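Visitor: Chain residues, written in single-letter form:
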Amino acid sequence: MNKNQAVAHMTDIMAKFVAYSGKVLPDDVYAKLEELRAKETSPLAKTIYDTMFENQKLAKELDRPCCQDTGVLQFFVKCGTQFPLIGELEDLLREAVIAATIQGPLRHNSVETFDEYNTGKNVGKGTPTVFWEIVPDSDCCSIDTYMAGGGCTLPGKAMVLMPGAGYEGVTKFVMDVMTSYGLNACPPLLVGVGVATSVETAALLSKKALMRPLGIHNSNERAAAMERMLEDGINKIGLGPQGMSGNYSVMGVHIENTARHPSTIGVAVNVGCWSHRRGHIEFDRNLDYTILSHKEVVL
Amino acid sequence: MDKKVLTTPLTAEDLESIHAGDIIYLSGHIVTCRDVAHRRLIEEGRELPVDVKGGAILHAGPIVRPIPDSDGKYEMISVGPTTSMRMEKFEREFIKQTDVKVIVGKGGMGEETMKGCQESKAIHCVFPAGCAVVAATCVEEIEDSQWMDLGMPETLWVCRVKEFGPLIVSIDTHGRNLFEENKITYNQRKDEATEEICKNVSFIK
Numbered sequence: 001m002n003k004n005q006a007v008a009h010m011t012d013i014m015a016k017f018v019a020y021s022g023k024v025l026p027d028d029v030y031a032k033l034e035e036l037r038a039k040e041t042s043p044l045a046k047t048i049y050d051t052m053f054e055n056q057k058l059a060k061e062l063d064r065p066c067c068q069d070t071g072v073l074q075f076f077v078k079c080g081t082q083f084p085l086i087g088e089l090e091d092l093l094r095e096a097v098i099a100a101t102i103q104g105p106l107r108h109n110s111v112e113t114f115d116e117y118n119t120g121k122n123v124g125k126g127t128p129t130v131f132w133e134i135v136p137d138s139d140c141c142s143i144d145t146y147m148a149g150g151g152c153t154l155p156g157k158a159m160v161l162m163p164g165a166g167y168e169g170v171t172k173f174v175m176d177v178m179t180s181y182g183l184n185a186c187p188p189l190l191v192g193v194g195v196a197t198s199v200e201t202a203a204l205l206s207k208k209a210l211m212r213p214l215g216i217h218n219s220n221e222r223a224a225a226m227e228r229m230l231e232d233g234i235n236k237i238g239l240g241p242q243g244m245s246g247n248y249s250v251m252g253v254h255i256e257n258t259a260r261h262p263s264t265i266g267v268a269v270n271v272g273c274w275s276h277r278r279g280h281i282e283f284d285r286n287l288d289y290t291i292l293s294h295k296e297v298v299l
Numbered sequence: 300m301d302k303k304v305l306t307t308p309l310t311a312e313d314l315e316s317i318h319a320g321d322i323i324y325l326s327g328h329i330v331t332c333r334d335v336a337h338r339r340l341i342e343e344g345r346e347l348p349v350d351v352k353g354g355a356i357l358h359a360g361p362i363v364r365p366i367p368d369s370d371g372k373y374e375m376i377s378v379g380p381t382t383s384m385r386m387e388k389f390e391r392e393f394i395k396q397t398d399v400k401v402i403v404g405k406g407g408m409g410e411e412t413m414k415g416c417q418e419s420k421a422i423h424c425v426f427p428a429g430c431a432v433v434a435a436t437c438v439e440e441i442e443d444s445q446w447m448d449l450g451m452p453e454t455l456w457v458c459r460v461k462e463f464g465p466l467i468v469s470i471d472t473h474g475r476n477l478f479e480e481n482k483i484t485y486n487q488r489k490d491e492a493t494e495e496i497c498k499n500v501s502f503i504k
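Same order as they appear, the protein sequences are chains A and B.
This note's numbering puts the last residue of the first sequence at 299; the count rises by one with no breaks.
This note's numbering puts the last residue of the second sequence at 504; the count rises by one with no breaks.
If you're looking for bench data, these hints aren't it; they were derived computationally from the structure.
Everything numeric in this text was worked out from a predicted model, so none of it was measured.
You may find that some hints are simply not true.
[Claimed, not checked] Simulated restraints, written as ranges between beta carbons of each label pair: (1) A/Asn220 / B/Asp443: 57 to 65 Å; (2) B/Asp448 / A/His108: 46 to 54 Å; (3) B/Glu312 / A/Lys46: 28 to 36 Å; (4) B/Glu410 / A/Ile134: 20 to 28 Å; (5) B/Glu312 / A/Ala224: 33 to 41 Å.
The beta carbon of each residue, even a glycine, is placed where N, CA and C say it ideally should be.
Let's have the full structure, built from the sequences with the hints guiding it.
Guide: Here it is as structure tokens:
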């Protein structure tokens, strides 16, 4: 494969994977929804879950996007410095989104700000958004794909607390979002929390937290304990599926953290809706790929 | 549990025994109707080109596809509800002027819509969000389309539906509002849970 062929090959794979990820939920999300469904007892919650699962079945059968809001595409890239297409990656992901928009089809969700027109291709200035992490001495590339829908993007919030507010302040900040905007963001939610210094560091961490597969906790013992406490606490609110009440509220709470300035605690919340359309794909230097998020996928 | 199916056209009597929290299904006709259509009727005083008296509207911007060789017919591909609260400003007056009986959308609506539902005998229901394929397959045929100058999402698509649902009644004709009631409970529970967590996170000492 020469370079042009390699670029075309990777673009094609990413386009197909993005389109697919709008139709089928990742394995861990599907399993968690099944678990939560089984634990609901009211006829209302059960009926809503039945409809959600029927929808996923139909989306697969009819080959249609499972939710009409296919979001703005975001890519979290971990790229080795020796990966052969490191220089081409950002452009090819953009091309992949344009192709997926036709193949999916995906809804046109990229509106140029200030000029205020929809590009009709799902790409625009800075969209799709690519977040980079460079990995030294590696020739591989792993990519998390995410469709950020409008409903679950809306609750996003970040602020800087004074240290006096402590982790009690962090708790209150997260909990308040759940009953204000979280309620309408299509629960059961995946809650991402960033704890750092400033708004931008905390905000980015809170979104990265949503890329973590379900069932894995923060490696810091206290952070992991806080994840469990928040999960239990939010579940006690009993938002249920779609916020219409039930026994549970969330698929999980993920906290990502860095060190902070002694004078500040930056905190941010991001939520994913029940239709959490995340994908994970890894490429080696020969562009052979492995998809870890969806076992059954054939591109 | 028996499936409660309402068929349009509906009267005030048909809705009397329906209560907030009930699950119903709708057969007959439902018309997609959202931001600009509400604005045209209420603010611009233009007559709605579809008669929804006794009928139903859906707050949604669907994806439709032209049916090949069909003389201008369209097929419903994906139709998920959109946030109803955006129409709160207009809905009470909309109900009064059109005598629409069922409003379907996502999330709750406020005080004004609740009053409108009570005085003109109408209900607001929620279709589970993120279930756009289920909703699309409940549409048997798009029979008419009006105000197409508004573009695909805002066009009034007149859909013939069969057992469209499940629809969860959020506002009934008796002045009950499920979302507002739930919010009170949720906030109480949130405060209790927050207090409990705060006992265990004093990491700064």
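Visitor: All hints, please: hold or fail.
Guide: Consistency of the hints with the structure:
1. Under the hint 57 to 65 Å, the C-beta atoms of A/Asn220 and B/Asp443, about 60 Å apart, fit the expected range.
2. The hinted window of 46 to 54 Å between B/Asp448 and A/His108 is violated, with their beta carbons roughly 18 Å apart.
3. Checking the proposed 28 to 36 Å range against B/Glu312 and A/Lys46 shows it holds: the Cβ atoms sit about 30 Å from each other.
4. Distance hint check: the CB atoms of B/Glu410 and A/Ile134 are about 53 Å apart, inconsistent with the given range 20 to 28 Å.
5. Evaluation of the 33 to 41 Å hint for B/Glu312 and A/Ala224 yields a failure: the beta carbon distance comes to about 57 Å.
Hints 2, 4 and 5 from the list above are not met by this structure, while the remaining hints are.
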